[in-house]
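Protein chains: 2
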Amino acid sequence: MPLKLYALCGADRTRPFSPHVWKTMLSLAHKGLAHEVETVGFTQIPKLEEGFSPTVPVLRDGDRLVRDSFDIALYLDDAYPDRPALFSGEGGRAMARFVESWSMTTLHPAVMRIALVDIHDMLGPEDRAYFRQSRERRLGRPLEEVVAARADEVAAFAGKLEPLRAMLKVQPFIGGQGPLFADYIVFGALQWLRVASPAKVLQDDDPVAAWFERCLDLYEGLGRGVRAA
Amino acid sequence: MPLKLYALCGADRTRPFSPHVWKTMLSLAHKGLAHEVETVGFTQIPKLEEGFSPTVPVLRDGDRLVRDSFDIALYLDDAYPDRPALFSGEGGRAMARFVESWSMTTLHPAVMRIALVDIHDMLGPEDRAYFRQSRERRLGRPLEEVVAARADEVAAFAGKLEPLRAMLKVQPFIGGQGPLFADYIVFGALQWLRVASPAKVLQDDDPVAAWFERCLDLYEGLGRGVRAA
Chain A
56 MPLKLYALCG
66 ADRTRPFSPH
76 VWKTMLSLAH
86 KGLAHEVETV
96 GFTQIPKLEE
106 GFSPTVPVLR
116 DGDRLVRDSF
126 DIALYLDDAY
136 PDRPALFSGE
146 GGRAMARFVE
156 SWSMTTLHPA
166 VMRIALVDIH
176 DMLGPEDRAY
186 FRQSRERRLG
196 RPLEEVVAAR
206 ADEVAAFAGK
216 LEPLRAMLKV
226 QPFIGGQGPL
236 FADYIVFGAL
246 QWLRVASPAK
256 VLQDDDPVAA
266 WFERCLDLYE
276 GLGRGVRAA
Chain B
56 MPLKLYALCG
66 ADRTRPFSPH
76 VWKTMLSLAH
86 KGLAHEVETV
96 GFTQIPKLEE
106 GFSPTVPVLR
116 DGDRLVRDSF
126 DIALYLDDAY
136 PDRPALFSGE
146 GGRAMARFVE
156 SWSMTTLHPA
166 VMRIALVDIH
176 DMLGPEDRAY
186 FRQSRERRLG
196 RPLEEVVAAR
206 ADEVAAFAGK
216 LEPLRAMLKV
226 QPFIGGQGPL
236 FADYIVFGAL
246 QWLRVASPAK
256 VLQDDDPVAA
266 WFERCLDLYE
276 GLGRGVRAA
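Here the protein sequences come in this chain order: A and B.
Heads up: take any position in the first sequence, counting from 1, add 55, and you land on this note's numbering.
Heads up: take any position in the second sequence, counting from 1, add 55, and you land on this note's numbering.
By construction, these hints were calculated from the structure, which means they are not laboratory data.
For chains that are exact copies, the list does not tell them apart, and a pair is met inside one copy or across any two.
No farther apart than 20 Å at their CA atoms in a straight line, the calculated lysine to aspartate or glutamate pairs in the EDC-like style are these:
(1) K224 - E145
(2) K86 - E145
(3) K59 - E91
(4) K86 - D272
(5) K59 - D123
(6) K224 - D126
(7) K224 - D123
Please build the complete structure, drawing on both the sequences and the hints.
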């Protein structure tokens, strides 16, 4: 039985946008593991696999269910040690946590402040109501207010990637000469923005843009298979 | 013959302050390698080992000379593979580059804007003249102007550590359950500030402060051996 990944989509089920699901889609391709993808809307997630997880990605591998993109990557390296490594050693497992924390605290809030209304507008009617209510409760204000300073956020976004830009002077991927899960962590954030929003946050000659293009090319253009918003 | 490390000091030769030298001092302790330390002022560096390097740390190991804290760490793991690893695998080597870039682009400029005049004032007379001239040329303005917004920089500093703070919810060190070179990279930046400046940038109950204290405790309190400014 092939593996099965539950992925998040809006009204158009061909356009997965969740940053965390993208991390797992690249992880599965990295390991070369055949899998099917079942796309769901926000409000379907709690019903999946008898309420296994409040969030996606969720991966089913035979009898085993795993949730959370980082835990799925750890699971895949443990369960398929003969396939290409996603972490490449204990140090890589640990330091990928730092990359994840950097992406979550630096990039994700900025993507939200740019693309929150775009994401809302991608959703089907039921999911829109859920999304607006849950996000407005979490953020303490209307979605439209969160994206009010959108132009400033777009202008500031490239600056937040300065650590990656500096690193790219030394090596082409966060994983070194080739990509590792740490690359997919940061790719997920930028792909989320690319699929959800037409905002242009990187100049074409930015080394970070070149790295992102390299990631879009991976695995026969898996990421590029969903066109930009 | 024991290893020999060239370290940077001001007028008081018992107070090494260079962030990069601190990374190497912790690296040598991590590997359990006996070594002597020769302290030098800024203007002595170009004369060391027949002009081997414009910067410290420089490590002599028998006939071998190595410069740059990251390259020294790579050298130590290659030359002493039976000692505790500084990177713990290929993934760790690669991702430590991201931690270095983050520290250099986020923390180092902030430490400069807080402590530049403090650092100047620690130096001997010859080194003061060199330091002022080289830094003012690099920064394009007087040292005193760079630190003019010092209070704002001190207030903003803790926020820059948010990626580390978030990661510390998952594990006690960037290296995972124990420290690796990636921890020493970030430790170096904070130790530089601690030795040079009385500025208090972290609240006592900050998880980052607790991590820094853990790092100060390592190797019989090596970092704590130099008292705070």
